[in-house]
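Student: Single-letter residue listing:
2 protein chains.
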Amino acid sequence: MPREITAFSNPLIKRVRNLRDKKHRREEGLFLAEGLRILTEAHEAGRVPQYLFFSKDMAGHALVRTLIAATEAAGGWAIETNADILSKLSGKDNPGAVVGVYPDFAVTLADLDRSRSGIWLVAERLRDPGNMGTILRTADAVGAGGLILIDDCVDPFSVEAVRASMGALFTVPVARASWGDFLVWLRKAPGQLVGLSLDTEHDYRAPRYEAPTFLLTGNEAQGMPGFMAEACDLLVKIPMLGKADSLNAAVATAVMAYEVLGQQRS
Amino acid sequence: MPREITAFSNPLIKRVRNLRDKKHRREEGLFLAEGLRILTEAHEAGRVPQYLFFSKDMAGHALVRTLIAATEAAGGWAIETNADILSKLSGKDNPGAVVGVYPDFAVTLADLDRSRSGIWLVAERLRDPGNMGTILRTADAVGAGGLILIDDCVDPFSVEAVRASMGALFTVPVARASWGDFLVWLRKAPGQLVGLSLDTEHDYRAPRYEAPTFLLTGNEAQGMPGFMAEACDLLVKIPMLGKADSLNAAVATAVMAYEVLGQQRS
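As you go down the protein sequences, you meet chains A and B in turn. Quick note: the first sequence uses the numbering used here, first residue 2, plus one each step. Quick note: the second sequence uses the numbering used here, first residue 2, plus one each step.
Calculated directly from the structure, the hints in this document are not laboratory data. Careful: at least some of the hints might be erroneous.
Identical copies go unnamed one by one, so any copy, or any two together, can satisfy a pair.
[To be verified] Pairs of lysine-lysine, DSS-like flavour, derived with a Cα cap of 30 Å:
hint : residue 1 : residue 2
1    : Lys23     : Lys93
2    : Lys15     : Lys189
3    : Lys238    : Lys23
4    : Lys244    : Lys93
5    : Lys189    : Lys57
6    : Lys238    : Lys57
7    : Lys23     : Lys89
8    : Lys244    : Lys23
9    : Lys24     : Lys238
10   : Lys189    : Lys238
11   : Lys189    : Lys89
12   : Lys57     : Lys93
13   : Lys244    : Lys15
14   : Lys89     : Lys238
15   : Lys24     : Lys89
16   : Lys15     : Lys238
Computed from a predicted structure; not experimentally measured.
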């Protein structure tokens, strides 16, 4: 049976709201996701919330009922609440109908099976949570084997990243690694490391991308450092015909990933 | 000679801060941009602020001096201020070194010269300011002739859109039009209207895109309505191999635009 919380002062509300901060996410090992579409995607990927919050007027919705049943069957709490509290939890004026609190999940390089896909995305020092989520969404769309985060990237479990991923956080394996550990793992088996760069004359459409191709995207403001560029098997450039000198990092990653996908499918 | 404002209570500060709201932008015919990179890009594109705010410690920076001189030469005000006020104006904790207030500029369909480029971007009911800015940035990068906004799109002059455009707002012509006016204008001369859709079997890499190609991207949540899809010469689909059913709108637009550019260049 769902519980009910209608008081802002309830300690669970404060605890959940604190998950908007990285420090609390790390301490609790939990993170927030919101919206029926994302929570349903999570459920289909086998992820069930520990706490599920929903508004009373949505309690009868078929998808919400499915989520409530799945949450309770897994030993979690389904909690009926109101729009004000949902707003407070999600930090949005118009919150989705549901908010879920999930245990985070760590993936290591050793967990990744590179035979799973011909495309893998790698990002170093990615700083914008919107870019993080959008790259996850693209990774899902191109059927990438996973996303590998190098060094100090923004937290993929942040509310903004989860939101921008539209649920892909639940379906795409995300591994975190240092650059050194990544290179050691990469070179243990076949795989081509392709870096997106502005300092090369190789057009990104010219090379043939064999499977598996690992696409490396550098930091939004600075691109990748020289030692990373040197470790790449190939540097390629997306043509820029205008006044600006770079594309948005998530856009550049997607343009590259779809070129690789297009080649590998044809 | 630069003026100085250090008091929050100064009426100009309030007026400029209000430009973060669409209503005030429309009343004043002014908008805000921030950051040395974006303001310099604007200057190179021939756009000079009516008011230029900069912090005292940046007053000696060569690019800031250039902006101050250009602003004053054009009859605008260069205003030395402090980090707190810059923060208040930009709405960011870590504001850029400069904030500029510019007269907005309206472009109509009649102003667009379709022989200028083989690629034009068209968006209908685009709602997210980050997507708006990112699409502008991509439009610049592919050398698009311009961006045409159909019906009720988010304001391209919003602070978030200008920021995400990284200055492309100043270099890419942006015209606003109703769907009806757009179609009449489009059919007056050669040009292929290509719609991004999920309801077609045509892979986006299969067709040959002749110049000029007009790429139509639909609303983020709903895609384009049926009557728009029917008016397209061609509907194409970007393959989706994962669990999700769509890409981010700015990403989908970029993947398409680069396919068109790649074909037209080769």
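Student: Each hint should be assessed against the structure and marked as holding or not.
Tutor: Hints versus structure:
| no. | hint | verdict |
| --- | --- | --- |
| 1 | Lys23 x Lys93 | both (18 Å within a copy, 20 Å between copies) |
| 2 | Lys15 x Lys189 | neither (46 Å within a copy, 60 Å between copies) |
| 3 | Lys238 x Lys23 | neither (34 Å within a copy, 38 Å between copies) |
| 4 | Lys244 x Lys93 | between (36 Å within a copy, 26 Å between copies) |
| 5 | Lys189 x Lys57 | neither (53 Å within a copy, 54 Å between copies) |
| 6 | Lys238 x Lys57 | neither (52 Å within a copy, 39 Å between copies) |
| 7 | Lys23 x Lys89 | both (17 Å within a copy, 26 Å between copies) |
| 8 | Lys244 x Lys23 | between (37 Å within a copy, 27 Å between copies) |
| 9 | Lys24 x Lys238 | neither (37 Å within a copy, 41 Å between copies) |
| 10 | Lys189 x Lys238 | within (27 Å within a copy, 37 Å between copies) |
| 11 | Lys189 x Lys89 | neither (47 Å within a copy, 52 Å between copies) |
| 12 | Lys57 x Lys93 | within (18 Å within a copy, 36 Å between copies) |
| 13 | Lys244 x Lys15 | neither (47 Å within a copy, 33 Å between copies) |
| 14 | Lys89 x Lys238 | neither (44 Å within a copy, 38 Å between copies) |
| 15 | Lys24 x Lys89 | both (19 Å within a copy, 27 Å between copies) |
| 16 | Lys15 x Lys238 | neither (47 Å within a copy, 44 Å between copies) |
Going down the numbered hints, you'll see the structure goes against 2, 3, 5, 6, 9, 11, 13, 14 and 16, while the others check out.
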